[in-house]
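Peer 1: Protein sequences, first through last, are from chains A and B. Using the working numbering, the first residue of the first sequence is number 1176, and each one after it goes up by one. Using the working numbering, the first residue of the second sequence is number 462, and each one after it goes up by one.
Misleading hints may appear alongside valid ones.
[Unchecked claim] Listed below are the simulated SDA-like cross-link pairs for lysine to any residue, each with C-alpha atoms no more than 20 Å apart in a straight line: (1) Lys1290(A) <-> Gln721(B); (2) Lys492(B) <-> Lys1218(A); (3) Lys1209(A) <-> Lys538(B); (4) Lys528(B) <-> Thr1186(A); (5) Lys714(B) <-> His616(B); (6) Lys666(B) <-> Lys1239(A); (7) Lys1209(A) <-> Phe525(B); (8) Lys538(B) <-> Pro554(B); (9) Lys666(B) <-> Val1286(A); (10) Lys643(B) <-> Ile719(B); (11) Lys1202(A) <-> His616(B); (12) Lys492(B) <-> Lys1209(A); (13) Lys464(B) <-> Ser637(B); (14) Lys528(B) <-> Ala1194(A); (15) Lys1239(A) <-> Lys1209(A); (16) Lys1209(A) <-> Lys675(B); (17) Lys1218(A) <-> Ile1195(A); (18) Lys675(B) <-> Arg660(B); (19) Lys1282(A) <-> Ile719(B); (20) Lys464(B) <-> Pro554(B); (21) Lys1290(A) <-> Pro493(B).
Calculated from the structure, these hints are not laboratory results.
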Amino acid sequence: MTNTQAPIFGTTFFDGQMAIKGYGLNKMCYSFNKAENREEFLKDEEAYYDKFGLTDAQKEAVRKRVVLDMIAEGGNIYYLAKLAGLLGLSVQDVGAQMTGKTVEDFKQMLVDAGK
Amino acid sequence: MAKIVGGICTSHIPAIGNAIANDLFEDPYWKPFFDGYPPVRAWLDKVKPDVAIVVYNDHGLNFFLDKMPTFAIGAAKEYKNDDEGWGIPTIDPFKGDPELSWHLINSLHDEEFDLCSCQEMLVDHGFTVPMSLLWPERGEDQIKTVPFCVNTVQHPVASPRRCLAIGEALGRAIESYPEDCKVVILGTGGLSHQLDGERAGFINKEFDLECMEKIVSDPYHYQNMSIHELVKLAGAQGSEFILWLIMRAAMGKTPQVIHQNYHIPISNTGAGLLCLDTVS
């Protein structure tokens, strides 16, 4: 069930263990495919967390908008991307947050990868 | 009999869908990317395939973690896209080819590959972005499609070896279809990128350029690579390269390169494009 290979820096393998841990959080994020669910979340976030049975640690990560903490609590980036979209964050905004860079520096890093 | 006329590899980043919707073809950021596509469309206009088999990964539209098939195939008359949570516009449905789908399901089953068959299937940007790039105008006589969906969301993800093997079987399945039709196979996604974690923004140009070359001349170079190693070299989401391997293995012997393009960055990704003609 668990990935036992050598860790890769800054990379979480979303395996069975993470899938179990993050199920409620990911299910909440998956629900954001529907516009009415996005509206419901924005109206009352706390009630929406409870609807999907988020753990205290997951709630805290979402409340604070800390994506690395969401990943640590089992969030899968494909579903978290829907939450990010709902919050008006691009993948570069999220990338900048996770790498501790400004958005401009993060974008520059991407451009530099092509040089 | 059906014939595989060629294969196309292309990245499928969601931002491309928005750029298409906003007509950003001449925008300085997008131009080096979009300029890769007209020669591929010219080749498609010449070859005129009847069916596109689209090897892609779903990013949380049709499948959730409640049911996560390793390999799934559409067997529907048509395929729609839908809201993925961030406002990609919905577009006209794509035409299916259920008879070909069931031929593929049965043939692959005979070769001991068990696919999850889907008579209802929403297709996300992994499918729609390549289709929109390659067939921007779809009318009444539009190309038929078969979505071939591969799990890259949750580990274990199918290994390169497994993907090459299912690709070979897919190629044999297509060529044993008794109807006269021309088939093009799309391998979508990639190349290197990572969206999550402290390593977000990871792009590996050297690895990507090697992929662009080896996918044509020596796809079995990747046969013994583990998913773990692929993630290390290509980034967490760069593992989508396995979709290119399925396409390439289905094509068999070394194809002719009609056109290629590689550009960094599109969103967080090294974007690759390859148009391959089957040498008959």
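Peer 1: Now tell me if each hint is right for this structure.
Peer 2: Checked hints:
1. Lys1290(A) <-> Gln721(B): holds (19 Å)
2. Lys492(B) <-> Lys1218(A): violated (40 Å)
3. Lys1209(A) <-> Lys538(B): violated (24 Å)
4. Lys528(B) <-> Thr1186(A): violated (24 Å)
5. Lys714(B) <-> His616(B): Not OK: Lys714(B) and His616(B) at ~31 Å, beyond 20 Å, violated.
6. Lys666(B) <-> Lys1239(A): violated (35 Å)
7. Lys1209(A) <-> Phe525(B): holds (14 Å)
8. Lys538(B) <-> Pro554(B): Satisfied, since the Cα-Cα distance of roughly 10 Å is no more than 20 Å.
9. Lys666(B) <-> Val1286(A): Since the Cα atoms of Lys666(B) and Val1286(A) sit roughly 11 Å apart, the hinted pair holds (cutoff 20 Å).
10. Lys643(B) <-> Ile719(B): OK: Lys643(B) and Ile719(B) at ~17 Å, within 20 Å.
11. Lys1202(A) <-> His616(B): Roughly 17 Å separates the two Cα atoms, so the pair holds.
12. Lys492(B) <-> Lys1209(A): Violated, at about 32 Å.
13. Lys464(B) <-> Ser637(B): holds (9 Å)
14. Lys528(B) <-> Ala1194(A): holds (12 Å)
15. Lys1239(A) <-> Lys1209(A): violated (23 Å)
16. Lys1209(A) <-> Lys675(B): violated (41 Å)
17. Lys1218(A) <-> Ile1195(A): Measuring from Cα to Cα gives roughly 28 Å; hence the hint is violated.
18. Lys675(B) <-> Arg660(B): Outside the cut-off at roughly 26 Å; violated.
19. Lys1282(A) <-> Ile719(B): Cα-Cα ~32 Å, so violated.
20. Lys464(B) <-> Pro554(B): violated (25 Å)
21. Lys1290(A) <-> Pro493(B): Holds: Lys1290(A) and Pro493(B) sit about 14 Å apart, inside 20 Å.
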